[in-house]
Amino acid sequence: MDFDFTEDQVMLRNLVREFLTEQAPVKQVRDMMDDALGYDTTVYSQLMGLGVTPFPESYGGGGLGMIEQAIILEEMGRIPYPGPYFASVILAGSALMHSGDDNARARYLPDIANGDLTATLALIEDAVDWTPAGIGLAVTHDGGDLVLNGIKRFVPFGQSVDVVFVAGRAPGSSGADGVSLVAVPRDAAGLTVEPTTMLDMTSKVATLRFDNVHVPAENLVGAEGGAAAALEETLRAAAIAAAAEMLGASRKSLEMSNDYAKVRKQFGQFIGQFQAVKHKLAEMLELVENSHAAVYYAAWAVDAGAADAALAASVAKATLNESSKRVCGEAIQVHGGIGYTWEYDLHLYWKRAKYLEPLYGDTSYHRERVLEESLAQHAAS
Amino acid sequence: MDLNYTAEDQAFRATVRAWFEENLPTEPLHTLEERRAWHRKLYEAGFIGMGWPKAYGGQEARPMEQAIVGEEMARVNAPAGVGGLGISIVGPTIIHHGTEEQKKRFVKNILTGEEIWCQLYSEPNSGSDLASLQCRADIDGDEFVINGQKIWNSGAHISDWGLMLARTDRSASKHQGISCILIDMKEPGVEVRPLKQISGSSEFSEVFFSDVRVPADNLIGELNTGWQIAQTTLGYERGGSTLSRVSRLQVQFSRLLEVVQSLEVTGGKAINDPVIRQELGAIAADIEVLRYASLRILSRLEKGQRPGPEASIAKLHYSELDKRVQEIILDILGPYGQELDNIPEELRADGGGSPSGEDTAGSWAYPYVWSRAGTIYAGSSEIQKNIIGERVLGLPKEVRADRIAAAQPKAGTPAGEGGQ
Chain Y
0 MDFDFTEDQV MLRNLVREFL TEQAPVKQVR DMMDDALGYD TTVYSQLMGL GVTPFPESYG
60 GGGLGMIEQA IILEEMGRIP YPGPYFASVI LAGSALMHSG DDNARARYLP DIANGDLTAT
120 LALIEDAVDW TPAGIGLAVT HDGGDLVLNG IKRFVPFGQS VDVVFVAGRA PGSSGADGVS
180 LVAVPRDAAG LTVEPTTMLD MTSKVATLRF DNVHVPAENL VGAEGGAAAA LEETLRAAAI
240 AAAAEMLGAS RKSLEMSNDY AKVRKQFGQF IGQFQAVKHK LAEMLELVEN SHAAVYYAAW
300 AVDAGAADAA LAASVAKATL NESSKRVCGE AIQVHGGIGY TWEYDLHLYW KRAKYLEPLY
360 GDTSYHRERV LEESLAQHAA S
Chain U
0 MDLNYTAEDQ AFRATVRAWF EENLPTEPLH TLEERRAWHR KLYEAGFIGM GWPKAYGGQE
60 ARPMEQAIVG EEMARVNAPA GVGGLGISIV GPTIIHHGTE EQKKRFVKNI LTGEEIWCQL
120 YSEPNSGSDL ASLQCRADID GDEFVINGQK IWNSGAHISD WGLMLARTDR SASKHQGISC
180 ILIDMKEPGV EVRPLKQISG SSEFSEVFFS DVRVPADNLI GELNTGWQIA QTTLGYERGG
240 STLSRVSRLQ VQFSRLLEVV QSLEVTGGKA INDPVIRQEL GAIAADIEVL RYASLRILSR
300 LEKGQRPGPE ASIAKLHYSE LDKRVQEIIL DILGPYGQEL DNIPEELRAD GGGSPSGEDT
360 AGSWAYPYVW SRAGTIYAGS SEIQKNIIGE RVLGLPKEVR ADRIAAAQPK AGTPAGEGGQ
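Just so you know, the sequences run in chain order Y and U.
For the first sequence, counting from 1, position 279 maps to 278 in numbering that gives the first Met the number 0; every step adds exactly one.
For the second sequence, counting from 1, position 356 maps to 355 in numbering that gives the first Met the number 0; every step adds exactly one.
One should not assume that every hint holds.
[What the hints assert, rightly or not] As a list, the in silico SDA-like pairs of lysine to any residue whose alpha-carbon atoms are at most 20 Å apart: (1) Y:LYS261 - U:PRO395; (2) U:LYS396 - Y:ASP258; (3) U:LYS314 - Y:HIS291; (4) Y:LYS261 - U:VAL398; (5) U:LYS322 - U:TYR376; (6) U:LYS102 - U:TYR55; (7) U:LYS314 - Y:GLU288; (8) U:LYS302 - Y:GLU6; (9) Y:LYS264 - U:LYS396; (10) U:LYS396 - Y:ALA275; (11) U:LYS302 - Y:VAL9.
It is worth saying that the hints were derived from the structure and are not from the lab.
Values in this document were obtained by computation on a predicted structure and should not be read as measured data.
Sequences are here, hints too, so could you generate the full structure?
Shown next as structure tokens:
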């Protein structure tokens with residue numbers, strides 16, 4: 000039983016922290032709010048040059064596990080990093096890794112790994128439904144082409160990536176049956192991209208409208224109609240990665256609040272001397288430490304192929320959805336008026352955590368999944 | 000990171016589980032003698048004082064082994080041994096600070112359950128602010144004369160001995176005039192009055208002392224160093240409760256999952272009610288997080304790291320979580336959750352299947368009431384938050400009237416938080 004990071008994991012954390020602190024300072028993050036692309040391409044290339052992907056070395060990746068991915072995402076949450084790492088590596092990358100399709104992996108993963116290619120996953124539609132039932136976009140055949148018709152919403156970096164991996168289904172199919180994954184160039188004819196500005200202006204999303212978009216049949220990723228399982232695995236990785244990013248935003252917010260409570264004076268004493276503030280900070284620390292345990296247990300369970308990996312992923316996301324909004328929100332409260340100003344950085348963390356909260360399963364979705372897993376465990380015991 | 004149990008741990012668990020399957024009492028233990036006999040059996044199996052030094056009859060077992068025994072006991076709702084405080088606090092205190100004579104006289108009997116001990120710390124006016132205690136031990140020749148009152152003494156009514164903090168120098172500042180003294184509870188002048196709690200039962204007592212004469216040899220350590228002795232983080236049993244807490248909640252939740260499949264609410268079975276499903280999912284997730292956090296603590300203990308003030312995070316987490324979980328359970332069960340007797344078989348908390356534990360007639364209300372104690376005893380949640388704030392987060396100490404007063408006539412003394 001060892002819950003501590005290995006030396007290599009600590010080195011990775013330090014490497015990423017140092018890189019992001021130096022190369023993606025908060026001023027740059029702020030500049031990216033109004034930037035159409037939303038990130039610095041040079042910094043993104045350098046970041047990918049660190050070899051920080053889970054892809055096998057044969058595909059140019061760093062062979063990292065889910066624990067390492069969580070470490071990287073936690074560091075990104077502390078910035079909060081604005082680039083398409085989550086979209087390209089966690090979303091598109093996981094979908095490719097789990098697709099069972101060697102050709103597709105060889106075609107895309109090396110370029111994603113070195114940062115030359117950015118990609119994303121288009122999953123949800125008008126309904127915010129993370130189950131296969133929510134996939135309605137039609138995938139049909141026309142000669143040697145696949146034809147896509149439908150809508151995808153809240154596609155991370157949908158406005159700028161090179162390739163969008165789109166989840167669609169065969170007309171007439173339902174549930175997990177008939178779900179396919181198709182690679183579509185963002186500039187494909189018939190694909191309309193509508194960027195949406197979110198509350199978290201450092202996270203870029205777009206609505207994608209598919210109107211008879213034709214792509215060659217070779218753009219199919221994995222078996223036709225057989226993508227549901229890969230998407231399930233991808234969503235699990237995304238939930239843990241999002242939880243890790245929320246953890247980083249939370250811990251950073253707590254650190255800032257703790258520092259502030261030691262220097263800010265009111266009524267002739269440091270505000271951290273008042274129990275009203277001290278106890279709030281103590282509660283925030285408890286939430287952050289428990290959240291750390293939840294995130295890294297879930298990441299370990301994926302790497303170890305543990306029987307409770309699905310349960311742990313949902314526990315982690317449900318937990319961080321609640322803890323991060325509390326911690327990042329209370330950080331603003333501890334700071335008072337200064338915490339409510341645009342110039343102070345706290346709102347960046349608060350909004351990043353809020354942005355991630357509904358994605359890859361909101362709290363009620365994951366609590367329901369936790370219950371289903373618990374009932375299954377109970378029935379089996 | 001590797002959160003798998005080692006093959007050694009798994010083998011140990013199998014042995015422990017087999018032992019309890021074979022030896023678990025089939026009837027509730029009613030009398031003290033039955034409980035002592037069970038304690039003796041646990042002791043002989045090596046499950047009492049597992050973390051104690053071998054030189055004093057312990058096993059020097061690893062924290063993980065202690066945790067596994069605790070977890071397995073909770074899993075089958077096995078009754079605890081007698082005099083838990085003797086094992087967790089009194090014994091280690093005597094081993095660390097006692098004289099050779101005191102060790103010879105007391106330590107073995109604590110382990111075997113031959114003598115039961117209680118802690119005599121809190122007073123009616125000294126709860127969280129324990130160091131303000133007023134119970135007096137006046138020196139008279141080679142004796143102490145004890146006068147005063149103690150309260151919240153767990154198991155005092157069945158105790159043979161008590162470990163007391165008493166004021167031996169009333170002119171010294173409050174932390175400096177306290178001594179640690181062993182009291183024979185059978186002495187004349189000691190009066191134990193069971194305290195009826197909101198649960199209706201009496202696990203705790205009040206103890207009154209009127210001119211109780213105690214040999215000076217019963218002093219532990221130096222005179223007027225009792226506060227320092229009580230503050231030393233002692234104890235060999237650090238692993239013991241980490242997983243048993245989780246296990247207890249898991250057993251309860253598992254039974255709850257059965258009950259909600261029978262329970263009917265507005266609109267049909269409780270298990271099909273979307274609001275109840277959300278509550279169940281929330282509890283299940285919270286219990287899992289407690290398990291993960293406990294494994295993290297165990298991982299540190301296994302490496303020989305002593306839990307410092309971080310232990311306050313665990314205490315706060317567990318006790319507040321327990322309160323939340325019990326509240327939600329009673330919300331789900333409605334009036335059935337409040338029944339103390341005549342509970343329909345399919346809705347009972349014990350499923351009619353735990354004859355060995357405390358006899359609570361299968362009521363969900365007892366753990367509900369008991370959960371209110373956890374955030375008060377052993378340092379209230381407010382005290383824990385002070386400790387976390389000041390000693391983990393490094394926040395400046397609060398302005399306190401007693402510190403201001405202490406600073407007036409002479410230089411201030413370092414002050415710590417109370418709580419037992």
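Here is how each hint holds up against the structure:
1. Y:LYS261 - U:PRO395: Given that 20 Å is the threshold and the Cα spacing comes to 7 Å, the pair holds.
2. U:LYS396 - Y:ASP258: 15 Å, holds
3. U:LYS314 - Y:HIS291: 17 Å, holds
4. Y:LYS261 - U:VAL398: Holds, at about 14 Å.
5. U:LYS322 - U:TYR376: Distance ~13 Å between LYS322 (chain U) and TYR376 (chain U) Cα, so the pair holds.
6. U:LYS102 - U:TYR55: 9 Å, holds
7. U:LYS314 - Y:GLU288: Roughly 13 Å separates the two Cα atoms, so the pair holds.
8. U:LYS302 - Y:GLU6: 15 Å, holds
9. Y:LYS264 - U:LYS396: 14 Å, holds
10. U:LYS396 - Y:ALA275: Status holds; Cα separation ~13 Å.
11. U:LYS302 - Y:VAL9: 18 Å, holds
The structure shown violates none of the earlier numbered hints.
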